[in-house]
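Residue numbers (our numbering), protein chains in the order written: chain A, 1 to 401; chain B, 1 to 401; chain C, 1 to 401; chain D, 1 to 401.
Just so you know, not all the hints are guaranteed correct.
No distinction is drawn between identical chains; accordingly, a pair holds when it is met within one copy or between any pair of copies.
[As the list claims (entries may be wrong)] Restricting the straight-line Cα-Cα distance to at most 25 Å, the calculated cross-link-like pairs of lysine to aspartate or glutamate (DMTMM-like) are:
id, residue 1, residue 2
1, K325, D11
2, K325, D10
3, K107, E64
4, K50, D125
5, K325, D240
6, K50, D29
7, K325, E336
8, K325, E270
9, K107, D374
10, K107, D240
11, K325, D187
12, K107, E238
13, K107, D142
14, K152, E233
15, K152, E184
16, K152, D187
These are computed hints drawn from the structure, not numbers from a lab. A quick note: this is a predicted structure, and the numbers were derived from the prediction, not measured.
Protein chains: 4
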Amino acid sequence: MRGPRMSTADDLARRTRAFVAEHVLPVDDTYDGDVVAAGGDDLRLRLQAKAREAGLLTPHGPVEHGGLGLGMVDRAAVFEEAGYSLFGPLALNVAAPDEGNVHLLDKVARGTQRERYLAPLVRGDVRSAFAMTEPAPGAGADPAALTSRASKVDGGWLLDAHKHLITGADGAGFFIVFARTSGEPGDSGGATMFLVPADRAGIEVVRHVTTMDASMLGGHCELRLRGVFVPDEDVLGEVDLGLRYVQVRLGPARMTHVMRWTGAARRAHEVAVQYAASRTMFGSSLAGLGLAQQLIADNEIDLAATRALLQQACVILDQGGRASKETSIVKTFAAEALHRVADRAMQLCGGLGVSADLPVAKIAREIRPFRIYDGPSEVHRWSIARRAVREITGTRTGGPA
Amino acid sequence: MRGPRMSTADDLARRTRAFVAEHVLPVDDTYDGDVVAAGGDDLRLRLQAKAREAGLLTPHGPVEHGGLGLGMVDRAAVFEEAGYSLFGPLALNVAAPDEGNVHLLDKVARGTQRERYLAPLVRGDVRSAFAMTEPAPGAGADPAALTSRASKVDGGWLLDAHKHLITGADGAGFFIVFARTSGEPGDSGGATMFLVPADRAGIEVVRHVTTMDASMLGGHCELRLRGVFVPDEDVLGEVDLGLRYVQVRLGPARMTHVMRWTGAARRAHEVAVQYAASRTMFGSSLAGLGLAQQLIADNEIDLAATRALLQQACVILDQGGRASKETSIVKTFAAEALHRVADRAMQLCGGLGVSADLPVAKIAREIRPFRIYDGPSEVHRWSIARRAVREITGTRTGGPA
Amino acid sequence: MRGPRMSTADDLARRTRAFVAEHVLPVDDTYDGDVVAAGGDDLRLRLQAKAREAGLLTPHGPVEHGGLGLGMVDRAAVFEEAGYSLFGPLALNVAAPDEGNVHLLDKVARGTQRERYLAPLVRGDVRSAFAMTEPAPGAGADPAALTSRASKVDGGWLLDAHKHLITGADGAGFFIVFARTSGEPGDSGGATMFLVPADRAGIEVVRHVTTMDASMLGGHCELRLRGVFVPDEDVLGEVDLGLRYVQVRLGPARMTHVMRWTGAARRAHEVAVQYAASRTMFGSSLAGLGLAQQLIADNEIDLAATRALLQQACVILDQGGRASKETSIVKTFAAEALHRVADRAMQLCGGLGVSADLPVAKIAREIRPFRIYDGPSEVHRWSIARRAVREITGTRTGGPA
Amino acid sequence: MRGPRMSTADDLARRTRAFVAEHVLPVDDTYDGDVVAAGGDDLRLRLQAKAREAGLLTPHGPVEHGGLGLGMVDRAAVFEEAGYSLFGPLALNVAAPDEGNVHLLDKVARGTQRERYLAPLVRGDVRSAFAMTEPAPGAGADPAALTSRASKVDGGWLLDAHKHLITGADGAGFFIVFARTSGEPGDSGGATMFLVPADRAGIEVVRHVTTMDASMLGGHCELRLRGVFVPDEDVLGEVDLGLRYVQVRLGPARMTHVMRWTGAARRAHEVAVQYAASRTMFGSSLAGLGLAQQLIADNEIDLAATRALLQQACVILDQGGRASKETSIVKTFAAEALHRVADRAMQLCGGLGVSADLPVAKIAREIRPFRIYDGPSEVHRWSIARRAVREITGTRTGGPA
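Full structure from sequences and hints, please.
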């Protein structure tokens with residue numbers, strides 16, 4: 001039980017659960033969560049067609065473009081059900097980075113940008129990527145280190161950028177590119193966001209960076225933009241205000257990550273409990289042995305705490321708050337807690353837990369990078385601590401913003 | 001920020017914070033949290049008189065008897081502010097076990113019992129104790145092991161009971177005694193609750209069990225009842241349904257413990273952050289050193305997760321749910337998390353952290369037993385695991401109910 | 001510094017380090033530790049030929065068959081250096097399960113068995129497998145559950161066995177098969193070990209169980225033996241004493257696992273520290289940030305504690321002790337500690353830490369199953385606790401032997 | 001079993017165990033480990049007289065002065081047995097700070113200093129204190145912050161010092177005072193050690209800093225020296241080389257702390273296991289329940305790892321190595337591990353675990369400050385990390401030496 005709501009969102013969650021069980025999990029488990037092996041964009045189109053039919057596509061998208069307009073609190077239960085399969089978010093068009101890009105564009109895009117970029121994304125016609133992270137010593141956990149540059153030319157800008165670990169880049173229809181329009185690397189301002197169709201001259205997807213996770217369509221890519229022209233009308237929001245929009249995107253995007261991974265971790269937990277209840281050891285059900293019960297109980301606690309923290313941050317976001325501190329806390333706690341859940345589930349299943357016979361090891365593998373993606377836990381802790389010192393004492397200390 | 005509420009409860013919380021800072025903390029810190037050294041019942045009466053004046057007494061008590069009638073959600077912020085001082089709960093008449101007994105009596109007491117037992121408790125005229133725990137091999141974490149007996153006699157019952165670790169027993173005006181009216185030790189039913197004035201013949205407070213905590217008025221006592229007569233009208237609720245009422249009391253009582261200890265842990269944290277911000281080490285503010293920031297951030301996370309879990313369980317309780325699973329999870333998580341907070345606060349303050357120069361060590365000392373009182377974490381985990389197995393698989397496994 | 005020894009073993013360790021760096025790591029890193037992709041048995045033969053040339057092959061093998069006769073204490077430093085590459089143990093012929101099988105055969109094999117089975121294994125002419133684990137509900141963490149059977153026939157035995165997760169089975173020259181010669185599943189005695197050439201009629205390698213680790217040559221296989229004839233002379237040791245020999249093998253085999261994984265974890269740690277020292281973040285070297293220093297220090301502590309525990313158990317084993325308790329403690333601690341080391345190393349390297357650009361993620365992936373293989377931590381803890389209760393109180397409690 | 005030694009040290013350990021059980025534990029448990037309540041220096045003299053009779057006094061002291069001359073490895077088992085009672089170290093004259101001061105004086109004192117200061121300490125005629133720590137912003141975890149000053153005058157020095165948390169100061173016969181003879185606070189050199197009889201004019205024991213531990217004779221005191229004259233002959237070692245001697249003292253002193261606290265933690269563990277084996281719960285022995293077994297096993301692992309790390313550092317120290325890194329690792333690990341042991345023991349004993357009915361809570365209380373005394377874990381981690389970065393990469397990073 002997740003609270004008093006009995007609503008459209010609960011109904012959507014129930015229907016999502018059934019949809020995922022029927023259409024998505026069988027594919028996920030056949031291909032061990034490997035989205036390329038399972039069909040890549042073909043798979044996406046096939047699954048999204050079914051979701052569209054079922055009235056489940058892009059539930060967080062603006063209603064004007066065909067979405068269901070769910071707020072953050074309402075997304076929680078639905079996205080958790082989607083995340084129960086590694087391909088569920090793709091099927092419902094709520095996968096990263098598109099989900100966060102829809103959110104961002106809905107808040108910031110103006111005029112024809114909405115029709116040209118937001119609408120096709122909500123409909124699932126294209127995928128997109130958010131090109132911010134750079135290789136060392138560029139922008140990563142520290143966005144002020146941004147080195148990519150946009151130079152003003154007549155009618156627009158020329159972009160020169162080197163990006164890294166750009167999720168979903170391969171096959172994306174357009175990129176949201178983060179580049180410096182003023183200042184130097186190390187300055188905290190001066191960044192701008194640009195909308196860039198993928199077929200624009202000068203863009204190269206250099207390579208897929210091979211990572212331990214395999215379920216993100218379009219991979220995590222290295223990307224180069226060499227003198228790519230972007231007309232003024234494709235500046236997203238205002239020039240030099242890019243970091244402000246990052247905040248608009250980041251808080252909610254972290255929360256929806258948490259929602260999806262909560263679903264995946266819950267699946268690992270449920271599979272493990274099923275296994276433990278069916279397995280006999282030392283004359284008892286494995287699930288009846290104290291050392292197994294500790295694993296099970298700790299999983300329940302971690303899942304409950306993750307959901308409770310999530311709920312509180314979502315309430316604030318739905319009320320228009322930025323919830324910087326809250327989302328940072330939720331992201332940090334959840335990334336660690338959910339990986340613990342998957343890790344304990346592996347342990348509970350013994351030899352099968354680390355095999356592909358059960359879906360537990362793949363879930364652990366997919367969740368692990370979340371402790372790094374979207375800000376490593378260490379950077380979040382740094383930021384949480386600095387804010388705490390400021391709130392409690394009024395004193396500023398050094399470190400990330 | 002704890003959510004969208006802006007209400008009487010928030011106002012009460014603010015006023016409680018001011019009251020505690022002005023009237024309670026100075027006493028607490030003078031006596032290192034030792035309630036006997038600080039004056040015992042005299043201190044209680046003095047502080048409660050001030051709270052009454054300030055309109056803050058017994059905020060959870062029924063309005064008909066002079067309380068403020070706060071529900072569980074509303075109690076959270078107020079009780080946290082009370083718990084900021086170890087004597088705050090006493091001052092507001094929201095300390096264990098009276099607070100939980102008020103809750104229990106309000107739900108179960110009938111007829112004249114309300115006037116004779118509940119009303120004076122709400123007014124702060126008397127203290128009370130809940131006499132359930134027994135020495136080994138009697139009732140403790142396993143209530144079915146109950147050995148204390150009530151034998152039916154004409155017009156009432158004769159109680160023979162040996163109780164242990166009965167909080168607040170010394171100086172209590174009456175006891176709520178838990179004794180077996182049918183069945184044998186090991187049977188899960190057959191327990192009944194009795195209301196027993198402390199001056200009834202045959203009651204002996206054998207001794208204070210010396211424990212590491214020192215802020216609970218009336219101690220944790222060993223108690224003997226030998227042939228104590230209780231008239232039928234002082235049976236609380238129905239005969240043989242005692243365990244059902246335990247559930248009425250336990251869930252909320254665990255949550256209010258969590259509220260109070262959250263306040264205490266927050267104080268340890270705030271004192272430590274103040275200290276760290278003022279202390280220079282290795283050419284930096286201690287609060288600016290990464291290893292200190294880890295401690296600060298982890299405290300923020302633990303406090304936030306505790307409050308978030310608490311909030312969700314309180315919503316369910318206010319809606320009339322039993323929230324057995326939720327309160328068990330909250331209690332287990334919070335008892336461990338809040339002790340971690342106090343422990344990290346000690347660590348942050350270095351040598352002063354384990355001294356009486358700062359209020360941190362005393363808070364750690366007072367919180368530690370909460371991982372054992374009201375059900376050790378291990379027993380809660382056992383119960384949480386069994387319930388999870390049942391919910392996920394439909395299978396029952398052995399262990400505590 | 002690992003103690004006062006300055007010996008042949010130290011010299012061997014140094015030469016092993018150089019050998020691994022020159023000949024093994026380049027292959028390991030080209031193929032991301034995937035032994036099949038890197039060439040499988042061809043790779044093994046190539047690397048072992050080089051190790052033979054360098055005088056480093058089978059350093060723990062009996063001298064009579066061409067090994068170097070190293071005891072357990074001396075193995076520690078050498079095997080750690082071998083383990084620095086995932087393929088190093090294969091190159092030196094100290095990989096599981098052959099390494100443990102050499103140890104077992106050296107202790108138990110008699111007469112012509114030594115020449116027919118032990119000698120070719122020491123020379124690296126063949127690989128072998130230890131076929132004990134069975135699918136549920138057979139023998140796993142609880143060896144008494146053994147269901148595979150050997151029936152006495154004229155001149156030998158007929159084996160009917162179903163085995164699971166048999167490391168190295170695919171391509172092995174022979175199996176050491178564990179089957180019941182008396183008693184029923186659940187009885188603790190009655191098990192016997194048989195030496196069975198892989199080309200014997202009735203043996204089927206059913207499939208590779210796909211697991212998260214990829215560096216074990218011959219995989220983790222499902223295996224069936226249907227009426228396989230084994231002559232009396234190929235019984236290993238005495239009939240019905242199989243469990244006793246398991247103990248001969250298990251203690252040392254667990255320790256050599258720890259040695260190898262210590263090397264792998266050390267590599268992850270060193271790569272991460274190199275990365276952290278070279279990476280600039282928030283105006284500082286990453287390695288100079290407190291939250292990174294915590295990760296680095298904890299890795300140093302975990303590595304040191306693992307080596308210290310290992311050393312003590314090896315001393316006892318070299319003196320002829322069984323060291324059941326000690327090896328159980330070392331295995332449990334090390335499997336968890338070394339995975340923590342690899343996990344922190346990933347964290348320290350940020351996005352690259354979970355990528356194949358650095359060798360950290362693959363090491364974490366390979367080490368993780370060690371918390372399950374050779375007895376899950378939970379079963380070891382159970383056994384450690386029971387022994388502690390027995391030693392401290394003289395009382396026996398239920399659970400695994 | 002702790003290794004292959006079978007020696008005088010083992011015999012001493014056995015005799016120490018018997019001595020502590022017969023003469024020391026009864027006093028310790030009667031007074032809940034409170035050394036003042038138990039008699040203070042009178043108790044010390046009484047117990048030491050018995051230890052002298054039993055041939056167990058000052059086993060680490062130089063033989064020339066009546067000690068037994070034990071090296072570090074040999075001390076481990078003996079001091080652990082002494083530490084089994086909180087007063088055992090006092091009884092054997094191996095308590096901090098005298099034990100470390102004997103070690104320091106034996107290495108550094110020259111000429112008549114040996115007879116005047118070392119000899120009476122070895123004989124147990126006097127106690128001593130090591131006066132280094134200062135209140136903020138002076139010397140603590142960062143010794144370079146030293147503010148106490150010694151000014152050269154004819155024939156000696158005048159000391160002006162403010163010291164804090166000086167263990168054993170009240171009642172000490174003499175102090176080893178650490179003061180700056182050159183340079184300014186923040187400079188890493190320029191500190192000198194002085195031998196100062198307690199009755200010298202100008203010394204004031206300002207107060208006992210009340211701390212959570214109660215078993216250290218002479219308390220943890222604030223100390224002032226105002227113009228205290230020290231003749232040149234009472235300079236300990238060379239002028240300006242004080243920090244070098246601190247290293248001579250610190251490494252071994254940390255190890256002997258670990259030895260003693262290992263004994264105390266082992267007692268808590270054994271008492272808890274005895275309790276768990278005798279207590280019945282939910283129809284089983286508590287010691288047979290899985291969640292209790294986890295606590296028991298983790299205690300065994302923590303104790304074993306502590307002893308193993310300790311052993312390795314002691315071997316190096318006995319060989320004349322400084323073992324800075326090793327002792328830092330051992331101290332950090334042990335302080336945390338031994339507190340975990342005591343904490344789990346409390347948990348295992350339920351309500352009695354936090355009471356004075358069992359000796360577990362007092363042990364937890366006494367051990368906790370060890371994570372702060374002698375360098376907080378955080379400072380040690382910082383130092384361990386910096387050294388690791390230097391060893392692995394050759395790069396220096398900022399932080400404590």
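Structure-based check of each hint:
In this assembly of identical chains, the alpha carbons of K325 and D11 lie at most 25 Å apart only when taken from different copies (24 Å versus 31 Å within one copy). Taking the shortest Cα distances, K325 and D10 sit within 25 Å of each other only across copies (21 Å), while inside one copy they are farther apart (28 Å). When the C-alpha separation of K107 and E64 is checked against a cutoff of 25 Å, the pair qualifies only within one copy, where the shortest distance is 13 Å, while the shortest distance between copies is 51 Å. For the homomeric pair K50 and D125, the shortest alpha-carbon distance inside one copy (14 Å) is at most 25 Å, but the shortest distance between copies (56 Å) is not.
Only within a single protomer do K325 and D240 lie at most 25 Å apart by alpha-carbon distance; the minimum there is 24 Å, versus 49 Å between protomers. Only within a single protomer do K50 and D29 lie at most 25 Å apart by alpha-carbon distance; the minimum there is 18 Å, versus 42 Å between protomers. In this assembly of identical chains, K325 and E336 lie within 25 Å of each other by CA distance both inside one copy and across copies; the values are 17 Å within and 23 Å between. In this assembly of identical chains, K325 and E270 lie within 25 Å of each other by CA distance solely across copies; the values are 17 Å between and 31 Å within a copy.
Taking the shortest alpha-carbon separations for K107 and D374, only the intra-copy value of 20 Å comes in at or below 25 Å, while the best inter-copy value is 48 Å. For the identical chains of this complex, K107 and D240 are intra-copy neighbours only, at 17 Å inside a copy versus 61 Å across copies, given an alpha-carbon limit of 25 Å. In this assembly of identical chains, the alpha carbons of K325 and D187 lie at most 25 Å apart only when taken from the same copy (23 Å versus 39 Å across copies). Taking identical chains as interchangeable, the C-alpha atoms of K107 and E238 lie at most 25 Å apart only when both belong to the same chain, with a minimum of 13 Å there against 60 Å between chains.
Proximity of K107 to D142 under the C-alpha cut-off of 25 Å is restricted to the intra-copy arrangement: shortest distance 24 Å within a copy versus 51 Å between copies. In this assembly of identical chains, K152 and E233 lie within 25 Å of each other by CA distance solely inside one copy; the values are 13 Å within and 78 Å between copies. For the identical chains of this complex, K152 and E184 are intra-copy neighbours only, at 15 Å inside a copy versus 55 Å across copies, given an alpha-carbon limit of 25 Å. For the identical chains of this complex, K152 and D187 are intra-copy neighbours only, at 19 Å inside a copy versus 52 Å across copies, given an alpha-carbon limit of 25 Å.
Hint violations for this structure: none, all hints satisfied.
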